[in-house]
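If you read the protein sequences in the order shown, they are chains P and Z.
Each residue of the first sequence is one higher than the one before, counting from 1 in my numbering.
Each residue of the second sequence is one higher than the one before, counting from 1001 in my numbering.
Hints are supplied without guarantee of correctness; some may be wrong.
Claimed, not checked - To give an idea of the interface, some chain Z residues facing chain P are shown, with a C-beta separation under 7 Å as derived from the structure:
| no. | residue |
| --- | --- |
| 1 | F1024 |
| 2 | P1085 |
| 3 | I1087 |
| 4 | Y1090 |
| 5 | E1091 |
| 6 | T1094 |
These are calculated hints, taken from the structure and not from any lab test.
For every residue, glycine included, the Cβ atom is placed at its ideal position computed from N, Cα and C.
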Amino acid sequence: MPKLTIDGVELEVPAGITVLQACELAGKEIPRFCYHERLSIAGNCRMCLVELEKAPKPIASCAYPVADGMVIRTDSRIVRAARRGVMEFLLINHPLDCPICDQGGECDLQDQAMAYGFDRSRYQENKRAVPDKDFGPLIKTVMTRCIHCTRCVRFLTEVAGVPELGATGRGEQMEITTYVERALTSELSGNIIDLCPVGALTSKPYAFIARPWELTKTDSIDVTDAVGSWIRIDSRGGQVLRILPRVNDAINEEWISDKARFSLDGLTRRRLDRAWLRKQGQLVPATWAEALETVAKRLRATAPERIAAIAGDQTDCETMAAAKDLLARLASPNLDCRQDGARLNAHRRDFYLFNSTIAGIERADAILLIGTNPRFEAAVLNARIRKRWLAGDVAIGLIGEACDLTYAYEHLGTGPATLRALLHGNDPFANRLGSAERPLVVVGQGALARPDGAAVLAAAWTVARQANALRPEWHGFNVLHTAAARVGGLDLGFLPGPGGRDIHGILDGARSGEIELIVSLGADELNPADLGSAYLVHIGTHGGPLAARADVILPGACYTEKSATFVNTEGRVQTTERAVFPPGDAREDWKILRALSEHLGLPLPYDTLDELRARLAQEPRFAAAIGGGCDDLAGPSGDPDLMGEAHFVSPITDYYRTDPIGRASPTMAACAALRAAPSAVAAE
Amino acid sequence: MTQPSQKLARWTPAHLFDGGPETFAFSPAYRAKAEAQMAKYPPGRQAAAVKALLDLAQRQMEEETGARWLPRAAMDHVAEMLALPRIRVYEVATFYTMFKTRPVGRFHLQVCTTTPCWLRGSDTVLAACRRAAGNVPDGEVSLDGMFSVEEVECLGACVNAPILWVGDEFYEDLDGEATERILEAFRRGERPGAGSVRRRQASAPEGWPDVEGAALTSLAKTDIE
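Just chain P, with the same shape it has in the complex (with noise of 0.2 Å):
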């Protein structure tokens, strides 16, 4: 270990560090611009410069390994001097609009420039402008604030997998642009925004929108995916108006996906803000009372074992706990969580967790994936596959549709033919996993949701277990899921219960009659041609198909609008926070349920949040550690050799409108205009 003096304090380091690093380390703070900690180092800001002893000139502290015996000065007259220096070069090009930039509050430049800035300009010349360039519709672009510091440009090679940008030029003509003018292909381009340290890059849909001060910073967590990215939630007046990511290097490092950057603006687009009741054919307004007058009346008069009661993919644990509780109450045994059908087994924990953890992915050395595209399914995930992947050495194979994953892999094949072939050994990548220390088996929701998931996932069990992937110290078995809500409601048990129907058996019932009544908890995939005659009352927040079925619509709460468990993929349970609160008459999803239960004469044994989290604080599988190994090899039930013979599909046909959020998003439908006919745009 290095040991080396940092403004007069010696300090041991580890070796091969930088010495920009190492100053962190001793507590110093070194401005910079293009220095990254996620991303390789470029050395071209010169704003990081420190002075070291001996060396005839201030070197760059960011691309300057340590060595023994170092002797650094980070705040000396040369340093200031040379900072100073770097500084006014900087902002000779650089436009002094810092009124008009979106920038403005949070800006490196700004920020340093009030550190090393001088008070003045000496510069007499024409300054240089740059074009603007076309991004796509979540990214704006003012180049003549750039400073090319290259971040963008080594995010989207890098992490993002998508080398689109580039710096084309020499000297005063050099830019950072696509060259050919077209919108940006990454699902996680939002975060080259937060990575500019100028503004050049500003986000889109909220240009001009508010100043960084003004808003009201709330910490959560993203529910447009399974994966469960913290976030930040911006919001001023009673509106979420930006969403950012917050750092956990255990789930999301510091990116999130687009859907949850830029779906926000669907939470006030469309929204159910009051209650309706359908009278004569028709839905009208209503008043609470009324809404669950009704509902409670056509509950008491349903026989329990015709009342069905379906989870949604953003639906929270309080809301599934009161809503099984109340089931319960009525004596009904059908309920399930499996909006889209899938055959999860919530046996065992570990049959429907992503048990290797999303930071586990860096420690596989042969990656296996079954029926997902989880570059569509979990973007953030997918980096950290593509981390994995560039740090070189692994195997990765993919049963399923054929795809770009940004990274490189074997294309296996397209179904369960071939995942019968790993079974028995006929696939030579069986012996890649085989021989590898940690190998890792993902399966999508693509290869359940089908009549014979069951099958694929005890075959899936299987490939893991005869790759021993299964150990005590190390799981390799992972189901990915999509939705925010599914891991939740499996752990709670919100599923049918003895003799009761699951989700096939509920919409059989429904088309046959003998389910007379669902209860759909912003169950909005459900196709409501599915749903017979029953009388549908919908909890949900946005209209859509299934709202306009609904014989009684109560109106419930978004993410950002209410105090919420969800549980992510890896069986983390977490929290979001209230940002706002829900729009007119709507509520929190769960005291609907308590409210319903008074007017049914059950009331549910909790008033509060609080006593409602007492009693998920009792869940078992809530308490539970995640990231363990496995110590019981029993597989999931089911029989490998029933496996049909259909191609895996990925659930995620669009990619930005998965949800009722962004369904309801303009930015998200412009995004999804422009992938489903780039050239289209383009032309304009």
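Fit chain Z to the supplied structure of chain P, relying on the hints for placement.
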């Protein structure tokens, strides 16, 4: 779309220009040359041949269309050959000034205007070139497609200043009239011999070795005496 008559900034990206083929592929002869270049590098490092391939593509363009420049289709073809992301090739092509990412004339006239050439009269050379190109703005192609003009920095031949660089040839010791003669020859389809228009041998003193008294070095006898 920008009108051709409008003055375009130097850094205007190539896609704003009309022209250029929709598709481009190396001819068998050029493909063989390209593969020879790629074979120079160890396996997996073929991307190192990007500059050589871009130059070959530019030369093939000259053979096919008469103008030595790199349309986007050619850059895309090189990217495909080297398994590089397209933007990485665009970056290289736009970085080096010898790769022309916008159309040039049949004869792209590159006039050195750095100090030694300028002292020896490059202004008249440049003026002659611009006149020949019909006084279109520098960097644009004359209406007949024959010429385009570009001022360039030092070409490293100061002893024979001023210099005009066309294709692979340097024309040296120029003045306005000599330049016009060369450009007229180009127009007639001739290729006048390269080098000193005053038939100096390399950069030797004027007249050497045929003229009596011309010494190998002019430092021995100077006018200052």
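Discussion item. Holds or violated: the hint that Z/T1094 contacts chain P, with Cβ atoms closer than 7 Å.
Written reply: At 4 Å from the nearest chain P Cβ, Z/T1094 passes the 7 Å test, so the hint holds.
Discussion item. A closest beta-carbon separation below 7 Å is what the hint needs, so does Z/I1087 meet it against chain P?
Written reply: Holds - the Cβ of Z/I1087 comes within 7 Å of chain P, reaching about 4 Å at its closest.
Worksheet item: How about Z/F1024: closest beta carbon in chain P under 7 Å, or not?
Response: With Cβ-Cβ at 15 Å, over 7 Å, it is violated.
Worksheet entry | Z/Y1090 as chain P interface residue, shortest Cβ-Cβ below 7 Å | OK, holds: Z/Y1090 within 7 Å of chain P, min 4 Å.
Item to complete: Under 7 Å, Cβ to Cβ, is where Z/E1091 needs to be relative to chain P, so tell me if that hint holds or is violated.
Response: Hint holds; Z/E1091 Cβ to chain P Cβ min 4 Å, cut 7 Å.
Worksheet item: How about Z/P1085: closest beta carbon in chain P under 7 Å, or not?
Response: With Cβ-Cβ at 4 Å, under 7 Å, it holds.
The structure is inconsistent with hint 1 alone, although it conforms to all the rest.
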